[in-house]
Structure formats: structure tokens, C-alpha cells
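Student: Read off the chains here:
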Amino acid sequence: MTRLVVDVRVDVTGFGVDARFDASTGITVLSGPSGSGKSVTLGAIAGTLRPSRGRIVYDAQVFADVSGGVHMRSQQRRLGMVYQHAALFEHRSPLDNVRLAVRGKADRAADRATDRARQLLERVGVAHLAQASTRGLSGGERQRVALARALAGEPQVLLLDEPFSSLDAATRISMRALVREMVNERKITALLVTHDAQDVDALADQIVRYEPGRTVGGPSA
Amino acid sequence: MNDWFPLWLSLRVSLIATLVAAVVGVGLAYVLAKWQSRWTSIVEAVFTLPIVLPPTVLGYYLLTLLGSRSALGKTWESLVGSPLVFSASGAVVAATISALPFVIRAARAAISNVDTRVEEAARIMGFSEWKVARIVTLPLASRGIGAGVALGFARALGDFGATVMVAGNIPGQTQTLPIAVYDAVQAGDDATARTGSLVLAGIAVVVLILVTHVFARRR
Chain A
4 MTRLVVDVRV DVTGFGVDAR FDASTGITVL SGPSGSGKSV TLGAIAGTLR PSRGRIVYDA
64 QVFADVSGGV HMRSQQRRLG MVYQHAALFE HRSPLDNVRL AVRGKADRAA DRATDRARQL
124 LERVGVAHLA QASTRGLSGG ERQRVALARA LAGEPQVLLL DEPFSSLDAA TRISMRALVR
184 EMVNERKITA LLVTHDAQDV DALADQIVRY EPGRTVGGPS A
Chain B
1339 MNDWFPLWLS LRVSLIATLV AAVVGVGLAY VLAKWQSRWT SIVEAVFTLP IVLPPTVLGY
1399 YLLTLLGSRS ALGKTWESLV GSPLVFSASG AVVAATISAL PFVIRAARAA ISNVDTRVEE
1459 AARIMGFSEW KVARIVTLPL ASRGIGAGVA LGFARALGDF GATVMVAGNI PGQTQTLPIA
1519 VYDAVQAGDD ATARTGSLVL AGIAVVVLIL VTHVFARRR
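Residue numbers (our numbering), protein chains in the order written: chain A, 4 to 224; chain B, 1339 to 1557.
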């Protein structure tokens, strides 16, 4: 079973977090109050923030190791990320958003990438919006496209930063089900940041609890 | 207005100047927006100088920098075979320097306003920095950049002071439309002055419409 091992301190302006946990295949929920450092931890795993101490390792790949001077670039970590507000490329169609995320030289060939993107949009239930204006999508549609985009690169780790928090109750329930299906289908490691108890109940295979500035309990490192 | 040469020269000079200013300006703006250090504010201040300097003073400095006795002027002359100053090429340089700060300031603001999470998402998707710029940042900043380029074009087209200092006022060679209007007024040729002014004002209004309506629309 693959394992993501996180044992880091990350400092950002005026704030620091000590995060220590393991995550294996399935959904690990990072749960805790706003401002406790959950998203900062995801930033360090994604490679957009540099830890000031410690290591992040996925299987045999060292994503970051402060004492060893290792900081693998985001591009090389093979991750998928879904943000709270989707962070889609508004100027490109939903199909383009997903197509551009397809990795690997052979798969990036225009036709294959387009086929893959269409299949993924179909899988998340928005195939009919492939050529729609991304700006005109509803919150739920945006998150479905964002999820398809995050999965297009065949990620080894899927990072979900409060992906349901701006959705209405009904959409939230269907998005939860979709995330669960995708993670099970692909047998990947997913980290879900949330402070919603219902997300935790519905999705958590493992839970890492946060207090302001540090993790407490949860899967041991 | 019987002689249309000043209009064609003005359009040619300002289009080339705008193209150069757009390429150099957007590149510089990208660097200034992304790599912030104590030097970036100094570099930005230097490139903003043409907005605040009196155009004749800017022209004087350019004349000194590019004149036949300067190192740059000598290099140009050895490569091209004729002096840079008092030529149409000199007018292009003057117009480019005048247009550059408008492009840089607008493009820098537009690039800085692009949501960094969207750029981050692109990196996580595996995009190289060049691909992030080409596919994400610059297209999302395109309206702001377009507005800056349009303002730069208007400035290049309307430049008088710097151009007359660097390129002179040689009818049929370096006399741009703003300079021709000045000449016509001096000579009491009201018809030429009126027509030239009308053409320049018309282009300025079109640019203003572009900036306020086309480029300013919500992204």
C-alpha cells in the first residue's frame, strides 16, 4: 500500500504549522478550525510552499527534505488539485481545461488528449458542457470540471482544498459521492481539507485533526 | 492637406514603436510582476521616467545617448551606414521610449491581478513556467495589456518633443504629423493644421474607446 508521509513545519507570513501524519490509499481528511494550517500543509505537499523543517515523502519519492536540501518542483510531483473556487482557466473551455492537464508525451497528442478529456467530463457528468463558456458554469459544474482536470494527469496524490464549501447542500452531496467513486476507482491517495463535520462523516477513511498551528492525533507518522 | 507623407510616416513609426514597446514592455512587466526584489521598484521607476520627464528633456537625453559621438550612435552607424539621429529610425526609438512606460505599467498591473491560484494549478498540472505564462497568465491579463498597448500607440503617434529632438523636422524624411501640425501653424497654413489635428484627434478618440470599452470589459 502506497503511503504519503508528512512530517514538516511550514512557515508563512505571520503563521506556522507543524504537520505530522501518514496517508495511505483512500481519503484522508484534514479536519480542524479555519486558520489551523490545513491548506498551508496542502501547499507544502503541492510544492507551492517550501517547508522550513522536515520531509514529505510519497513511496520512494522525496517531495521535500529540508535537511537534505531537496525540493521537488510542483510539476514533477504528479498531483491533482481541486481548490475551493475551482481555479479553472476561465478563458478556455471546460474541455480545454481538462485536455491541457493530460500528461505524458503520447497522451498529449491532440486527439488522444481530447478523447481522454471527453471521457473524464463524461465520467464526472458534465460532458454536455465540454464547449460551454467556463465563466458561465455553476459552482457545482465548476467543481466537476476541476475534479476532471485534477484527474486528467493520472495523479498519484489528489489534493482537495475545501472543494465543497461553496456548494449548496444538494450539490455537495452529489460531489461527495463523485469524489468517493473517483478515489475508489483509481485507488489513489486523496487528502481532503474541510471543517465540515458532514464531509468527515461521509468521506473519511482516515482523519488528521488540526489545532491552530499543529496536527493532533490521527494516523501516526 | 496636400502632403500625406507626415501621416504615413507617423503611422509607420508609431506602429513599429508600439510593436517593439509591446514585446519589450510585456516581457519586462512579467519579470517585474513575478520576481519582486528591491531592484524591481528601481527598474520600474527608471522605465516610468519617460512619463514624467518633459518630452524635450527626454529627447535631449536620447540625443546625447544615441548621437554620432556616443558609443551607441557609433555602433549603429558602423552597422547601418548612416546616423541614427535625424532619421526615421531615430523617430522610432523616441516613440518606443515614450510608449514603453504605458505598456509596462498597464501590463504589470494586469499580470499581478491574475489569480495566483490559477497559475499554481497550472504548475501542479505540470506546466513549465513558460507554458504558465503563455497559456494562463498572459491570456488572462490580455485586456490590461491591450489597454496599455493602445495607450502606448496613442502616445507614440502623438509624440512631439522627444521625436523632434532625436529625429529633427526634415519634411519628407522625419517630419511626423504632430510636427507637421506645428509647422503648419507657424507658417499660417490653417487648413493643414486643422486637417492634421483632426486626424490625430480622431485616432486618439478611437484609442480612448478601445481602452474604456473594449479592453476594460470584464474578463
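What the hints contain is simulated information worked out from the structure, not anything from laboratory work.
One should not assume that every hint holds.
To be verified - Here are the simulated EDC-like pairs of lysine to aspartate or glutamate, each with C-alpha atoms no more than 20 angstroms apart in a straight line: (1) B:K1469 / A:E144; (2) A:K190 / A:E214; (3) B:K1469 / A:D208; (4) B:K1372 / B:E1382; (5) B:K1469 / B:E1457; (6) A:K190 / A:D171.
Student: Tell me, in ascending order, the numbers of any earlier hints that this structure violates.
Tutor: Of the numbered hints given earlier, those the structure breaks are 1, 2, 3 and 6, listed in rising order.
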